[in-house]
Amino acid sequence: MVAQRKLMASPVVPVLLSLVVLLTVWEGAILLFKIPPFVLPSLGAIVRHAFTDTARLMGALSATLGEALGGYALGNALGLLLAVILLLAQPLERIVMPLAVAVNAVPTVAYAPLFLIWFGLGAASKVALVALAVGFTMLVSALHGLKQADQAAVDLMRSFGAGPLKIVWRLRLPVAMPSVVAALRIGVPRSMIVAIVGEMLGAYAGLGRMIYESTQQIDLLSVWSAVLVASLASMVFYGLLVWIDQKLVWWR
Amino acid sequence: MNAFLQRLLRSPALAFVGLAVVWELYVHAFMPSPRYLPALSAIAQDAWSVWPQLLRGFGRTLLETVLGFVLGALFGCACGTVFTYSRWMERSVFPLFVVSQTVPVVAFGALIVIWFGNSLLAKVMTALFLTFFPVTVNTLRGLKSCDPQRIALMRSFGANRLVMFFKLAVPSALPQIMVGFRVAIGLSLIGSVVGEWFGETVGLGVMLMEAMNADQVVRLWVVMLACGLMGALLYGLLTFVERRLVWWRSES
Chain A
1 MVAQRKLMAS
11 PVVPVLLSLV
21 VLLTVWEGAI
31 LLFKIPPFVL
41 PSLGAIVRHA
51 FTDTARLMGA
61 LSATLGEALG
71 GYALGNALGL
81 LLAVILLLAQ
91 PLERIVMPLA
101 VAVNAVPTVA
111 YAPLFLIWFG
121 LGAASKVALV
131 ALAVGFTMLV
141 SALHGLKQAD
151 QAAVDLMRSF
161 GAGPLKIVWR
171 LRLPVAMPSV
181 VAALRIGVPR
191 SMIVAIVGEM
201 LGAYAGLGRM
211 IYESTQQIDL
221 LSVWSAVLVA
231 SLASMVFYGL
241 LVWIDQKLVW
251 WR
Chain B
1 MNAFLQRLLR
11 SPALAFVGLA
21 VVWELYVHAF
31 MPSPRYLPAL
41 SAIAQDAWSV
51 WPQLLRGFGR
61 TLLETVLGFV
71 LGALFGCACG
81 TVFTYSRWME
91 RSVFPLFVVS
101 QTVPVVAFGA
111 LIVIWFGNSL
121 LAKVMTALFL
131 TFFPVTVNTL
141 RGLKSCDPQR
151 IALMRSFGAN
161 RLVMFFKLAV
171 PSALPQIMVG
181 FRVAIGLSLI
191 GSVVGEWFGE
201 TVGLGVMLME
211 AMNADQVVRL
221 WVVMLACGLM
231 GALLYGLLTF
241 VERRLVWWRS
251 ES
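Chains A and B are the protein sequences, given in the same order. Note that my numbering gives residue 6 to position 6 of the first sequence, counting from 1, and the numbers run on in steps of one. Note that my numbering gives residue 61 to position 61 of the second sequence, counting from 1, and the numbers run on in steps of one.
Hints were generated in silico from the structure; no laboratory data involved. Bear in mind the structure is a predicted one, so any value in this text is a computation, not a measurement. Certain hints may be false.
[Said to hold, decoys possible] Every beta carbon over 10 angstroms from chain B, so not counted as near; a handful from chain A, in silico:
| hint | residue |
| --- | --- |
| 1 | 51 |
| 2 | 59 |
| 3 | 89 |
| 4 | 149 |
| 5 | 151 |
| 6 | 165 |
[To be verified] Ranges of calculated distance between the beta carbons of each label pair, as one might list FRET restraints:
| hint | chain 1 | residue 1 | chain 2 | residue 2 | range |
| --- | --- | --- | --- | --- | --- |
| 7 | A | 19 | B | 52 | 49 to 59 angstroms |
| 8 | A | 42 | B | 239 | 41 to 51 angstroms |
| 9 | B | 24 | A | 89 | 25 to 35 angstroms |
| 10 | B | 41 | A | 95 | 20 to 30 angstroms |
Glycine residues also receive a C-beta, built at the ideal position from the N, C-alpha and C atoms.
For reference, chain A alone in the conformation it holds in the complex:
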């Protein structure tokens, strides 16, 4: 009984259970209702297909992952930098923020065709697209976080002669860390998805390209295996980030 309760208390077991239920329903429905593979292929078939097509999948994955990571790094760095600049130059905030909100009101996917025209079909257009999608979240969230610093602490530092940059570095950035990390987390799946969307509209390589081509050829197993690989990759990416978060933001 105690052993059973312990088993239930571990975070992994319930997830595994519901995963098993999901997979059983998936496979069971296919067997029971004789669902044709073009509507819903069995998971076994998808995984088998992924293994036979490893070389193509890995090539596509590395292209997409490169774009997603590049855009993710660029977007978050620019977002954070802009947040610090707006904090230090307050009047700017009133001009820049409404524009940033307006830019963000347009759904990212609507920018994709324009970015393809501007930056070409190569990796640059996807990196820019991902950077835009990720950067805005970082800007808003980091700005919010930077302002959370205790005014008394700011005044104290100032009275000891710390300049605005020093206050940002020593006080405001550490205080903003949870908000920054939250934005970093939100950005992970988004960067992968945006890179894939960009590739679907026009690219030379990548998972999105593969998905698009396979859809055209009605090779749906390839679509499913590409989706599977993309999801697994963003989960690993996300897990890595959670791990870094636990190591980095130790003062929470």
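Following the hints, put chain B in place on chain A, whose structure we already have.
Just chain B, lined up with the frame of chain A:
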């Protein structure tokens, strides 16, 4: 008059007017290739020339976005509530929800058309898939953050669970839920635009694709601005409703 002028100078509207003027002047002064930046007046002219199509597309996409948002929000609120009151469900199903967000839904565009037909429903489902998660997370967070002292107080007055839920938990969670709604409305627009890429004939997403394939850059800008307008409108509407409905605490 002076006060009015001052308010005007401080309002975000000035940033937009300023941007429009700078944009127009820049184009006339430096004559960049319209491929990179067409004049605002040229965009307005083009919008005027396709007025009926634009209006119909706007209406259609708006319908899909709102339907997807409403259904996704309902589903998200329901899931968030279940997760709050059943720890078991939260621990087993919630991780799967997180995983579901790493799935690039655009990849399933063709499949969704196979599943739900080339109908309004297919686009609504795409929008729903993108919307339910932020609402679920925020509902869960909001309901959980309910003050335990207040719960104890209500219980001491003999309130039953249903009364406590509607009179205490929901009102205190609503500001947080509203945050989820605001994220979701933008995602819903993305979902419906992307959903239209697969075999639809009316909508802003369709116009975007057509403009891209025909290499009409000015038309791309028209559609982008229309998407932005819709995003801003929906966001503004939601903020307005929030101020009316959740007057006890506005989060921003």
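Against the structure, the hints come out as follows:
Against chain B, the non-interface label of residue 51 of chain A holds: every CB pair exceeds 10 angstroms, the least being about 19 angstroms. Its beta-carbon lying about 17 angstroms from the closest one in chain B, residue 59 of chain A satisfies the requirement of being farther than 10 angstroms from that chain. At the 10 angstroms boundary, the C-beta of residue 89 of chain A stays outside the reach of chain B, the nearest C-beta of that chain being 15 angstroms off. With a least CB separation of 19 angstroms from chain B, residue 149 of chain A remains clear of the 10 angstroms interface cut-off, as annotated.
In this structure residue 151 of chain A is separated from chain B by more than 10 angstroms, as the shortest Cβ-Cβ distance comes to about 19 angstroms. Every C-beta of chain B lies more than 10 angstroms from that of residue 165 of chain A, the closest at about 27 angstroms, which supports listing it as non-interface. In this structure, residue 19 of chain A and residue 52 of chain B meet the distance hint of 49 to 59 angstroms, their C-beta atoms being roughly 50 angstroms apart. A beta carbon spacing of about 46 angstroms between residue 42 of chain A and residue 239 of chain B agrees with the range 41 to 51 angstroms that was offered as a hint.
At about 26 angstroms, the beta-carbon gap between residue 24 of chain B and residue 89 of chain A stays in the expected band of 25 to 35 angstroms. Our hint of 20 to 30 angstroms for residue 41 of chain B and residue 95 of chain A holds, since their Cβ atoms are close to 23 angstroms apart.
When each numbered hint is compared with the structure, no violation occurs for any of them.
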